[in-house]
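Asker: Using the hints, position chain B against chain A.
Here the protein sequences come in this chain order: A and B. So the first sequence is numbered by the numbering used here: it starts at 24 and just counts up by one. So the second sequence is numbered by the numbering used here: it starts at 139 and just counts up by one.
Please note: incorrect hints may appear among the correct ones.
SDA-like, lysine to any residue: derived pairs with alpha carbons at most 25 Å apart [to be verified]:
hint, chain 1, residue 1, chain 2, residue 2
1, A, Lys96, B, Ala428
2, B, Lys429, A, Glu134
3, B, Lys287, A, Ile95
4, A, Lys209, B, Pro308
5, A, Lys261, B, Gly312
6, A, Lys100, B, Ile430
7, A, Lys215, B, Asn333
8, B, Lys287, A, Tyr92
9, B, Lys172, A, Arg220
10, A, Lys209, B, Lys279
11, B, Lys172, A, Asn192
12, B, Lys418, A, Arg93
13, B, Lys444, A, Gln131
14, B, Lys444, A, Glu134
15, A, Lys142, B, Gln447
16, B, Lys160, A, Asn135
17, B, Lys172, A, Ile190
18, A, Lys261, B, Ser329
19, B, Lys444, A, Thr53
20, A, Lys160, B, Asp152
21, B, Lys172, A, Val212
22, B, Lys153, A, Arg183
23, B, Lys172, A, Asn159
24, B, Lys153, A, Asn133
25, A, Lys225, B, Asp332
26, B, Lys418, A, Asn97
27, B, Lys153, A, Tyr156
28, B, Lys172, A, Ser161
29, A, Lys215, B, Asn330
30, A, Lys96, B, Ile430
31, B, Lys172, A, Gly207
32, A, Lys242, B, Asn330
33, A, Lys100, B, Leu419
34, B, Lys153, A, Arg185
35, A, Lys216, B, Asp176
36, A, Lys136, B, Glu445
37, B, Lys179, A, Leu186
38, B, Lys160, A, Glu134
39, B, Lys172, A, Arg191
40, B, Lys253, A, Val212
No wet-lab data here; the hints were simulated from the structure.
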Amino acid sequence: MISLIKKTFENTKKENRPALLTYTVAGDNTKKKSLEILKSISKYSDICELGFPHNTPIADGGQIQTSAYRAIKNGIKINDVFSIANQFKRLKKNKPIILMGYYNMIYQYNENKFINKCKKSKIDGLIVVDLPYPENKSFSLRCKKKGINFIQLVSPTTSRERLTQIIRNSHDMVYYISMLSTTGGKLKVAPKKILERYKKIKSLNKNKNIVIGFGITEKTIKSLKKADGLVVGSAICKEITNSINKRQNAVTNVTNIVKKLRNKIR
Amino acid sequence: MKLKKKIPLIDQHDKFGFWGGKFGGSFIPETLKKPVEDLTKEFEKLRKNKKFIKQRDYYFKNYIGSPTSFIKLENLSKHLGGAQIWAKVVSEANGGAHKIYNATVHALICKAMGKKYIVGDTGAGYAGKMLSMAARKFGLKCKIFMGAKDIKRQKPNCDAMKKNGAEIVPVYSGSQTLVDAVSECMRYWVSNCDNTHMCVGSTVGPNIFVKICGWSTAQISRELKTQLKDEFKKIPKKLKLINCVGGGSSAYGFWSEFINYDKRHIELVGVEAGGPKKSKLHAAPLSRNAKIGILHGAASYVCQNKEGQIQETESISAGLDYPGVSPIHCFLKDTKRARYTYATDEDALNAYQMVTKFEKLNPSLEPSHAFAEAIKIAPKLSKDTIIICNSCGDASKDRDILKERLGKKK
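Bound conformation, chain B alone:
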């Protein structure tokens, strides 16, 4: 299994949609074959269309607010000693997280295909919030599928979705979290694919959804590359890009421009959700060696039992609380280009406290997992090592959890 140079990772799949011959694919019911094929053709057409690219860039700049800033975390670096810690503050994007890139592109595609309805899944509520924003912006009717447990724990984002005129469909089956929301959203699409477009909220699902999402979030690393050259004149010699990984959309977006570099030059570190310290449950299929399985239309490492039943997961961060992971991250793991590890709920909370104590930054619980790893490794590294964390979401959505766990309202 080998990575190819000069071809974007999202395009390095075979004719059946598999990366590395075994990750991804499109394991879908017959009814979805046609809509998936139509979407695939449309996307391939649009991404070559200069007018569409211009339109995308216009909205990225004027609606999302690209580029998001790239800052040094002076105090945190000083406190830890060792490597310099920087942050790409993607949470500055309109709506407060990277999910707006994928949502905007899906809304544009939906319009181009002449569909009036758009549906999507959400865990932390960011994918849902952003899709509802984009739907409102582009005049589309929007339905969001969300696990009942997540609706409770991520109320601020639910309020935002309702304000944007979207209908939230609570999902009560299974563990009532993201995994069930994605299933229910797919079921809805099976029944309504003639007039409805589906947006999958991360780089997961059937092949085409992995591609569209990766193509959208790749904006993050395009910005970062320019910002690195502006700041350091060239790409620093020792660079580590740390990102949390749930489905993996922000991590792919953060890394995509840097995958071609040697890993001794630019290390890519993915941090999964390790769950509560004393729990056996987690949401870390890559770093805790789950087996390959098929979930939501794609083959990837999946938390599952011997029989192939999908396992319940547990994490303080709703956005990472998912038993599967993007096939492109499985590919990056098996080719050893990226390194994957996990942080526990407690690690993430501690990191959150430390970052907010030293810096004017308010990372949500998802990127707090990435900061946990940065805080862990920074003291052991040399001063000329540059660690960059993708601060991909804002913690305002987590205020209830943070209050409960840390006893204060942020």
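Isolated chain A, as found in the complex:
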């Protein structure tokens, strides 16, 4: 059976545009609010990434850290994350949802229990920031068996040899990190250069959907629209922070941003 993630990319390709992937942190700033945000932005977002927050995130910049700390402070637990995802899927069963986070949370939950819970909650994919290839081989295989996409990451430092192996071991989607940076960094590489590398990766296997993330904002998104998909995270988390600080409605503000992002790549 073809996965929902793959189907989504087929649809966006038919529409001749990249998929828009959004990242928000579960429980930011409350459980209820984060579900509302998720529901609202999914009108414009093609795939929703939902972060399960960790308090020692070694690959995240300030914006996502702030969101994660805020969610944890407000009492979010891993089972709440599943419950938010599951409630979302009940309303939007055709919208893929990807959980993203750090390995220790999965390790403490128990790998197999975590995968089963993902399956039960109708999670479509999983990104684990600090579980690289080949360490993730057995875990990703178990995900695949349960019909969950394990999304491999590749970066500008990934050697050609590794790239070949990672692509071979990937499922429907691969995440290309645009530059050497934590999340939320300013795009310091020319979009042309990013797309050149992107094409090289794509040429290894045309059937894999490669999305680009890190440094993507309203300003930069248009320049990368040739990719299969584009991920925006920090810009969204930043808007949540701003809305809270200004005592404005985060749901409306974030939705507006996502709508604008979508309009830039239509």
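Answerer: Then chain B, alone, in the frame of chain A:
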């Protein structure tokens, strides 16, 4: 789970970097895979290179000041009765602590790899101070990541870092201590790994950093072995090596030559930070039975909650104030080769007072934890038992805390 003989402990890991099949590894973001691989290859090459070893030994001797002295604490031993208490005064090393070994080796590796920038984390400020010294010595640009709370409580070391021309980057996230400094340093490396070398300040972090640090501090026990033979003609029959354990770099360095001995012959005792007496918080994952978790790229016993969020720690000693611990100490614990216990803030302060009252020694709050254990067990032991404490840091950095807690300036 078993220790192997004849292979250094730092090399007793599997192909994924795990000691005992479950401690260590390299849980790193994809971006760091290549720089970590490059560093691993370079280190394996360098440690077999005679010229590099010669260079290392030259700087250990002429720059660090090896060997540091090995002395008997006559008055303290007499006062306590029982076992003889000795100290390996590693704080005599250039800069005032064992951290100079790892810093010097990292600076040499950084140079060999042709990188011009070096970054590191620090808690007590010693790792930062030493890295800034080594960077200056070898002409490297240096950035040190340090928790804002630690910057306040370890000012003397911060002054030294600035004097050496290093930039201190204050870290305001989380508990504003070592754990956050290490995270922030790793983030910086993720963003700048093309031209920057990272030094992890202890035997923690992804596998290769545990190895490099352990390989560097092992100098301490090589010296001690020679000094023991000089002093006693052979290794004494009843020996206890007591060392404080935060990340565990000085303890591994102090023990590495002695791990092959039977534990009834040479007992290895690690003392963690128990925190304030009445506090629930501590920094003692080994002795207070924390669960295994992943922190800063490695699996080890980690102070954490049920969900896997890293717990805040509390200790009077910034150098031990860390929720994780070296995977090699987890391995030594599970194989029962070493015994781990803890001392509270108050125990350490009392030990500090007693040692400085009887001896011309000024151990910082970190080794004061080790002395606390020595003082506790010495009276119950026979006169032919030799206890050696690694006095791995000098208390000059602690002058503000000591003044506040004990009302005097040392």
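Asker: Does each hint hold? Answer for all of them.
Answerer: Status of the hints after comparison with the structure:
For the proposed pair Lys96(A) and Ala428(B), the alpha carbon gap of about 22 Å is at most 25 Å, so the pair holds. Distance hint between Lys429(B) and Glu134(A) is fulfilled; the C-alpha atoms sit about 16 Å from each other, no more than 25 Å. In summary, the hint linking Lys287(B) to Ile95(A) is supported, as the alpha carbons are separated by about 22 Å, within the 25 Å threshold. A threshold of 25 Å between alpha carbons decides the hint, and for Lys209(A) with Pro308(B) the separation of about 21 Å falls inside it, so the pair holds.
Note on Lys261(A) and Gly312(B): the hinted pairing holds, with a Cα-Cα distance of about 19 Å set against a maximum of 25 Å. Between Lys100(A) and Ile430(B) the CA atoms are separated by roughly 19 Å; this keeps the pair inside 25 Å, and the hint holds. For the hint pairing Lys215(A) with Asn333(B), the CA-to-CA distance comes to about 23 Å; that is within 25 Å, so the pair holds. A hinted pair counts as satisfied when its Cα atoms are at most 25 Å apart, and Lys287(B) with Tyr92(A) qualifies at roughly 18 Å.
With a CA separation close to 17 Å, the supplied pair Lys172(B) and Arg220(A) stays within the 25 Å bound. A threshold of 25 Å between alpha carbons decides the hint, and for Lys209(A) with Lys279(B) the separation of about 23 Å falls inside it, so the pair holds. Under the criterion of a C-alpha separation no larger than 25 Å, the hint pairing Lys172(B) with Asn192(A) is consistent with the structure, at around 18 Å. The suggested pairing of Lys418(B) with Arg93(A) holds, with an alpha-carbon distance near 24 Å, which does not exceed 25 Å.
Taken as a hint, the Lys444(B) and Gln131(A) pair is honoured in the structure, with Cα atoms around 7 Å apart against an allowance of 25 Å. For the suggested pair Lys444(B) and Glu134(A), the alpha carbons sit about 15 Å apart, so the restraint of at most 25 Å is met. Of the supplied pair hints, the one linking Lys142(A) and Gln447(B) holds, its CA atoms being roughly 23 Å apart against a limit of 25 Å. Distance restraint check for Lys160(B) and Asn135(A): the Cα-Cα separation of roughly 17 Å lies within the 25 Å cut-off, and the hinted pair is therefore satisfied.
A distance of roughly 17 Å separates the Cα atoms of Lys172(B) and Ile190(A); the hinted pair therefore holds under the 25 Å criterion. Restraint check: the Cα-Cα separation between Lys261(A) and Ser329(B) comes to about 20 Å, which is no more than 25 Å; the hinted pair holds. Pair hint Lys444(B) plus Thr53(A) holds up; C-alpha atoms about 21 Å apart against a cutoff of 25 Å. About 16 Å separates the Cα atoms of Lys160(A) and Asp152(B), which keeps this hinted pair within 25 Å; it holds.
Proximity of Lys172(B) to Val212(A) is assessed by CA-CA distance (about 19 Å); at most 25 Å being required, the pair is judged to hold. Proximity of Lys153(B) to Arg183(A) is assessed by CA-CA distance (about 21 Å); at most 25 Å being required, the pair is judged to hold. For a cut-off of 25 Å, the pair hint linking Lys172(B) to Asn159(A) stands: about 16 Å separates their Cα positions. Simply put, Lys153(B) and Asn133(A) have alpha-carbon atoms about 23 Å apart, close enough for the 25 Å limit, and the pair holds.
A hinted pair counts as satisfied when its Cα atoms are at most 25 Å apart, and Lys225(A) with Asp332(B) qualifies at roughly 24 Å. Taking the CA atoms of Lys418(B) and Asn97(A), the gap is near 22 Å; set against the 25 Å cutoff, the hint holds. Between the alpha carbons of Lys153(B) and Tyr156(A) the distance comes to roughly 13 Å, so the proposed pair stays at or under 25 Å and holds. For a cut-off of 25 Å, the pair hint linking Lys172(B) to Ser161(A) stands: about 21 Å separates their Cα positions.
For the given pair, Lys215(A) sits about 21 Å from Asn330(B) by alpha-carbon distance, which is consistent with the 25 Å threshold. At most 25 Å may separate the alpha-carbon atoms for a hinted pair to count; Lys96(A) and Ile430(B) meet this at roughly 23 Å. Between Lys172(B) and Gly207(A) the alpha-carbon distance is near 22 Å, which keeps this suggested pair within the 25 Å criterion. A hinted pair counts as satisfied when its Cα atoms are at most 25 Å apart, and Lys242(A) with Asn330(B) qualifies at roughly 23 Å.
A threshold of 25 Å between alpha carbons decides the hint, and for Lys100(A) with Leu419(B) the separation of about 21 Å falls inside it, so the pair holds. The suggested pairing of Lys153(B) with Arg185(A) holds, with an alpha-carbon distance near 17 Å, which does not exceed 25 Å. With a C-alpha separation of about 24 Å, the suggested pairing of Lys216(A) with Asp176(B) holds against the 25 Å cut-off. Between Lys136(A) and Glu445(B), the direct Cα distance comes to roughly 13 Å. Compliance with the 25 Å bound is thereby established for this hinted pair.
A threshold of 25 Å between alpha carbons decides the hint, and for Lys179(B) with Leu186(A) the separation of about 19 Å falls inside it, so the pair holds. Among the hinted pairs, Lys160(B) with Glu134(A) is consistent with the structure: their alpha-carbon atoms are about 15 Å apart, no more than 25 Å. Restraint check: the Cα-Cα separation between Lys172(B) and Arg191(A) comes to about 19 Å, which is no more than 25 Å; the hinted pair holds. For the suggested pair Lys253(B) and Val212(A), the alpha carbons sit about 21 Å apart, so the restraint of at most 25 Å is met.
In this structure, every one of the numbered hints holds.
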